[in-house]
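Asks: Here is what each chain is made of, one letter per residue.
Protein chains: 2
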Amino acid sequence: MIYDLIIIGGGPAGISAGVYAARKKMKSLLITETFGGQSIVSDDIQNWIGEKNISGLDLAKKMEDHIRSYSDMVDIKSSEKVVEIKKVLCEEGTRVCDFTVTTDKDNSYTAKTLILASGARRRKLGIPGEEKLNGKGVAYCSTCDAPLFSGKRVAVVGGGNAGLEAVQDLFPYASEVFLLEYSESLKGDASTQELIRQNPKLKEIILNAQTLEIIGDKFVSALKYQDRISGETKELAVDGVFVEIGSVPNSEMVKDIVDVDKFGQVVIDSKHSSTSHPGIFAAGDITDDPYKQNNISSGDAVKAALAAYNYLLQKSKANPVEETTDNNKK
Amino acid sequence: MIYDLIIIGGGPAGISAGVYAARKKMKSLLITETFGGQSIVSDDIQNWIGEKNISGLDLAKKMEDHIRSYSDMVDIKSSEKVVEIKKVLCEEGTRVCDFTVTTDKDNSYTAKTLILASGARRRKLGIPGEEKLNGKGVAYCSTCDAPLFSGKRVAVVGGGNAGLEAVQDLFPYASEVFLLEYSESLKGDASTQELIRQNPKLKEIILNAQTLEIIGDKFVSALKYQDRISGETKELAVDGVFVEIGSVPNSEMVKDIVDVDKFGQVVIDSKHSSTSHPGIFAAGDITDDPYKQNNISSGDAVKAALAAYNYLLQKSKANPVEETTDNNKK
Chain V
526 MIYDLIIIGG GPAGISAGVY AARKKMKSLL ITETFGGQSI VSDDIQNWIG EKNISGLDLA
586 KKMEDHIRSY SDMVDIKSSE KVVEIKKVLC EEGTRVCDFT VTTDKDNSYT AKTLILASGA
646 RRRKLGIPGE EKLNGKGVAY CSTCDAPLFS GKRVAVVGGG NAGLEAVQDL FPYASEVFLL
706 EYSESLKGDA STQELIRQNP KLKEIILNAQ TLEIIGDKFV SALKYQDRIS GETKELAVDG
766 VFVEIGSVPN SEMVKDIVDV DKFGQVVIDS KHSSTSHPGI FAAGDITDDP YKQNNISSGD
826 AVKAALAAYN YLLQKSKANP VEETTDNNKK
Chain A
526 MIYDLIIIGG GPAGISAGVY AARKKMKSLL ITETFGGQSI VSDDIQNWIG EKNISGLDLA
586 KKMEDHIRSY SDMVDIKSSE KVVEIKKVLC EEGTRVCDFT VTTDKDNSYT AKTLILASGA
646 RRRKLGIPGE EKLNGKGVAY CSTCDAPLFS GKRVAVVGGG NAGLEAVQDL FPYASEVFLL
706 EYSESLKGDA STQELIRQNP KLKEIILNAQ TLEIIGDKFV SALKYQDRIS GETKELAVDG
766 VFVEIGSVPN SEMVKDIVDV DKFGQVVIDS KHSSTSHPGI FAAGDITDDP YKQNNISSGD
826 AVKAALAAYN YLLQKSKANP VEETTDNNKK
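Protein sequence lines correspond, in order, to chains V and A.
Here our numbering is used: the first residue of the first sequence is 526, the next is one more, and so on.
Here our numbering is used: the first residue of the second sequence is 526, the next is one more, and so on.
One should not assume that every hint holds.
Which copy is meant is left open, because identical chains are indistinguishable; a pair holds if it fits in one copy or across any two.
Below, simulated DSBU-like cross-link-like pairs (lysine-lysine); rule was C-alpha separation at most 35 Å, straight line [stated by the list, open to error]:
id : residue 1 : residue 2
1  : LYS612    : LYS787
2  : LYS677    : LYS602
3  : LYS796    : LYS677
4  : LYS780    : LYS602
5  : LYS759    : LYS749
6  : LYS749    : LYS630
7  : LYS602    : LYS759
8  : LYS677    : LYS586
Since the hints were derived computationally from the structure, they do not count as laboratory data.
So here's chain V without its partners, still in its complex pose (with noise of 0.2 Å):
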C-alpha cells in the first residue's frame, strides 16, 4: 500500500502532525525509536503549555496516548530508525514524487508524503557521570532548565554562542556561575562576553578546560576537569553542569534530497513547514528553527500536516501543485 503520509519521529512534533494528519483522514505511518523526544529525560518540564508541571516521562505518554487513540488512522512503527529515504514514482517533468523509507529493521514503507520530525541529539560531553545524573543537574536546554537552579553554583561547559547565552539565562537565577571552554579563548560574540563579564555572577572563565568527570550520588555535587596547559586536575563544586557543546540534526538520510543548512538542519519555510522538496515537510529540532521548544515543534508539525493535506488536496485537482496560502481558512 501506499499511504497518504509517512511521520519519521515521535517526539512533540511526530506526535502532532500524526493527530492532526488522522483527524483529515489521512492515512498515515508513524516511524519513531522512541516517544517524547529529547525532553523525555526531564524530571521536571515548566514550560510545556498548560501545565505548570510535569515530568518529561508523563508528557511522553500523555503524547503516546493521544496518537494512540487514532489508530485506526495512523499504524506505528516504534524501536524502527530510518535509515534510507528514495524518491520513488516521480511525475514526469515534475519533482512530485512519491517516497520509499528503509528502516534499520529492512522493512521498506511508501507515502506520497513525508513529514521529518526526528530532532536532534546533543552533543554530549561523553564523560563518567554525565549520562547517569542526565536531568538531575546535567542539564542540556538553558531557557528550559536554568529556573531549576535558583540559588544553586552551576558550570556551564561550552564557550560559543549557545555557553554565552546559557550564561545569561542563568544569571538571573543561579548564585554563582562558571564558564569552562575546552580550548584557548571563548569563541561567541565578542559584545556578549564584555555583557557577561560585567555580572557579578559569573565567577570564573576557565580556559583550556578538559572536562573528565561529572560526580555526583543522587544529584551533581562537583565536575571534574584537568587545566590542559598544566595538566593539573581541579574539582569544582557545583549542584549543576549545563552542557553546551552543539547539537547534531537527525537529517542523515535526508540530506541528499531537501535543503539543509551548514549545520545539516533541514532549512524550512516557517509559514507551511514545506521544505525545498514538493510533498516533503519537517518540523521540530532537525529543522533550522533558531529556539528549539516543544511548543514550537508541536506547532509548526500542526502547520506540516494541514500543508501536506493541502498539498495532496491539490494533487486530486487537475491543477499543478502549489501551495495554498488561503488566509481565511481556519
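For chain V, the structure is supplied; the task is to place chain A on it using the hints.
Replies: Just chain A, lined up with the frame of chain V:
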C-alpha cells in the same frame, strides 16, 4: 514604570508568550478581556496536543493557572481591552521605540516591546439560535470540529473557499452535507467546486439562501432560511451548522504601526514571529498564519517571546539591534 514587554491577549498565544517571558525574567504585563481564546466555547477539544479530550473552559483554566503561577514577573490586567497603541521615546535616527498602550478603562502602560496576541473574531450570522447553540452543533472551525459530526447531517453556510474546505473536511465524517450561499453563485475556487460536486455526500448546494434562525433545544435540529428569489421560507433538518463566512482579526489598534494584509491580518516573519516594526512581535489568529490552530498560536508565541528577549539583549549591547539567528540556540 516601563515594562520589558506588554502582551495583548489571553488566548493560547498570549499565555504562551507570558510563560516564556516570565522564565526569561522579562518584567511583563498581560492585558486581556478574557482567558482561553476563541476555542473556549468548545465542549470537546480533541486536538490540543497531549489531551485526547478537554473542554474549552478546562483548557482556558489550565492556561490561566499556568500564567498566574508567574505573578512575580507577569502583571495581569484582565477585563481590559486595548484600544490604542502609540510609539513613544523613539531613538533618534532609528525605528527603535517604546510603546504606550491605552485601554478602554483609560489606563495607559508603557513597554520596550509588544507581543500582539489579541486574536480574531469569527464573522457570525447574527441570527436567533446561533449564540445559544454555539458549541452545541453550531461550529466555526471545520479542521477542529468536523470529527464531532460522524454520521450527522450538516449544513455549511458560506460559499467561499473556507466554506468549500469545510465541506471537504466534513466528507469523511458527516452522512450528508448541505452548502448554503447568500448570493447567486459560489465564490470559492472552481476546481474545488468541481471536486466537491463529485462527492455523493453533498446533497444540495442552496444558492440565494438568507439564513433566518438556527433551531434546537439542547442541540441543533434545523436551520431555517429564506429563498431570496421566491421569498419562500424553508427548514432544513440538520444536526450541525458550520458558519464559514470569514473572520476579522483584532488588529484595529495597531494597523497604522505594523504591516497588515488585505484581510487586516498582521504580517509576520514566521521564523521569529516578528512584524514589520522593530520591537513588535505577533502570534496567533491576529496574524497571517494560514492555519489558525491553538498549538500553532502557542508555538509561534514562544518564538515571539524568545525573539523579544533577544531583541532586548541586543539593545543592551553596543551593537545595532538586529534579529539573531543563532542556529545552535536551544
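Asks: Against each hint, give a clear statement of whether it holds in the structure.
Replies: Here is what the structure says about each hint:
1. LYS612 <-> LYS787: This pair counts as within: shortest intra-copy Cα distance 23 Å, inter-copy 39 Å.
2. LYS677 <-> LYS602: between (42 Å within a copy, 33 Å between copies)
3. LYS796 <-> LYS677: For LYS796 and LYS677, only the inter-copy Cα distance (34 Å) is at most 35 Å; the intra-copy one is 40 Å.
4. LYS780 <-> LYS602: within (23 Å within a copy, 48 Å between copies)
5. LYS759 <-> LYS749: within (6 Å within a copy, 82 Å between copies)
6. LYS749 <-> LYS630: neither (40 Å within a copy, 58 Å between copies)
7. LYS602 <-> LYS759: neither (47 Å within a copy, 52 Å between copies)
8. LYS677 <-> LYS586: Both, since 31 Å and 33 Å are each at most 35 Å.
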